[in-house]
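Sequences are here, hints too, so could you generate the full structure?
Residue numbers (this note's numbering), protein chains in the order written: chain A, 1 to 300; chain B, 1001 to 1274.
Heads up, a few of these hints could be off.
[Said to hold, decoys possible] Which bits of chain B does chain A cover? Going by a derived footprint, with three or more residues having C-beta under 8 Å, they are:
no., stretch
1, 1121-1131
2, 1221-1234
[What the hints assert, rightly or not] Computed cross-link-like contacts, DSS-like style, restricted to lysine-lysine with a CA-CA straight-line distance of at most 27 Å:
no., chain 1, residue 1, chain 2, residue 2
3, B, 1268, B, 1256
4, A, 112, B, 1256
5, A, 192, B, 1036
6, A, 112, B, 1268
7, B, 1256, A, 153
8, A, 192, B, 1256
By construction, these hints were calculated from the structure, which means they are not laboratory data.
Note that CB positions come from ideal geometry on N, CA and C, so glycine has one too.
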Amino acid sequence: MSAKSNSLGRWYVIAAPYLWLLIFFLIPFFIVFKLSLSDVATAIPPYTPTFNWSEGIGKFISQLDFENYTFIFGDPLYVNAYLSSLKIAAISTILTLLVAYPMAYGMARAPKSWQPTLMMLVILPFWTSFLIRIYAWIAILKPEGFLTMFLMKLGIISEPLQIMNTTTAVYIGIVYSYLPFMILPLYASLEKINPSLLEAAQDLGSRPWRAFWQITFPLSLPGVFAGCLLVFIPAVGEFVIPDLLGGSDTLMIGKTLWNEFFNNRDWPLASAVAVILLLVLTIPIVLFQRQQQIERESGR
Amino acid sequence: MNKNFSWFNLTSITFGFAFLYIPILLLVIFSFNESKLVTVWAGWSTKWYSALLENQALKDAAWVTIRVGLMSATVSTVLGTLAAITLVRMGRFPGRTLFSGMIFAPLVMPEVIIGLSLLLLFVAMGLDRGFWTITLAHITFTMCYAAVVVQARLQDFDKSVEEAAMDLGATPINTFFQVTLPIIAPSVISAWLLSFTLSLDDLVISSFATGPGATTLPMKIYSQVRLGVTPEINAISTILIGIVTIGLLLAAFVTKRQTERAERERRKAFGAAG
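This is how it looks when you write it as structure tokens:
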């Protein structure tokens, strides 16, 4: 076989997914950016200016402006939506970590023969529909729902719980939906820890709690880091959870974007909201990429 | 030390799985409820399932969803596998960092951004929005998941097997189909199944990518959920959960059989050599 045909074949393999992602993932971002500089119009498509060859590119560019951005930064509603999304995502990430860590730890220390089954049980809900899992919580959290009935029967509460349509419900929804994303990287890093390290610590007289903080936890940090990013980044732009479980006072930017687009039909403003959201998330996304890179190289 | 569960580990696992599964179990159980109230039990009934069969709009949506899923999962598995090979086997090439960036970014990118950007692309291209634009959108985000799944398998298999085949005169294409593909087959199947279920589930990206003609099942469910909780939605959800569970168990079974067979063959080979 000639080296030439080999390298040609190599380029075909690379080109197919590469071109696909360039066209359907990268180029669209430039279109979003361009549109964020346009103005809304009652037309099809609902924005102006539209590019017109006869008028030339100069006229087209001269019609673009940063109006949408100054509008977003001038309106506390949008600024608050960004800040509140970041806050809700950060708090839910910490809550998810607190729920996931003991589970991942228990799984990693479980008998070896059990581990594949436990893994499977964690992955299974991740494969079932996101929408359905959120829907399941409505029946639990609503005032006449399962949780209220259960707690009333136990005599713990006498009034129906008011959780549905609050930010608390959004926290529960995010922790529940994103839990597998946190457990899997945590489990992967906890499972790699050599148990003899802990035995050595114990032999040297270290208490289990101290051994945990000084050995297990630091060694699991890559998993903590990966899990937190996997939860935090998509949670910032979450739409379904705040829309179905949150109330009118739950401000989240994904919902704002959705409303601008579908209800107000203001595509340019929705695009500007998306561009700013993307800029806000650039740092965590780059960190995530780095982390994946390191993981891949160490995995070899 | 690793033979049994410790008290603490057992408790945390039990509580964790209770948290993960009780909501789904309640949803499934109450899909068989006689009453229209979703939280009050009034006896067993399958009437909500028969109601589904008469709901033509829901059936149409299901059919669109399945066609989109089959089509997009197949293309995305092919592209994802090629992407995985590119990531693991192609070494350095110009634009590699950008490429791996484009594979990993969609995994965490908020769906509203992906949906909006794809819609604007379709409008700019002048495509009629509907079935095909949803399919294109689904291929784009599921191929990244497919790539990650296949990549994990490609990474931990012995490259020397491929090199041996090439040394014996196999062309790269033959080597791929006769050596590499059989070895990575379980991960390719998982990639297809994952792409299919992700496509089946997607609400946000489909809502942006669709036009007046095509409504998918999640879009239909979503518009009904906004009006309130009904046993009919529980029934359709139960069917979807059932399909996914069966598919996943099958995939796990196939993978297990495959690895066992590979293990047996390896032992046999070593036995013959020794």
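Hint by hint, here is what the structure shows:
1. 1121-1131: Since 3 is at least three, the answer is holds.
2. 1221-1234: holds (count 6)
3. B/1268 - B/1256: 18 Å, holds
4. A/112 - B/1256: Within the cut-off at roughly 16 Å; holds.
5. A/192 - B/1036: Since the Cα atoms of residue 192 of chain A and residue 1036 of chain B sit roughly 50 Å apart, the hinted pair is violated (cutoff 27 Å).
6. A/112 - B/1268: At roughly 25 Å apart (the allowed maximum being 27 Å), residue 1268 of chain B and residue 112 of chain A satisfy the hint.
7. B/1256 - A/153: With a Cα-Cα distance of about 45 Å, the restraint between residue 1256 of chain B and residue 153 of chain A is violated, given a limit of 27 Å.
8. A/192 - B/1256: OK: residue 192 of chain A and residue 1256 of chain B at ~22 Å, within 27 Å.
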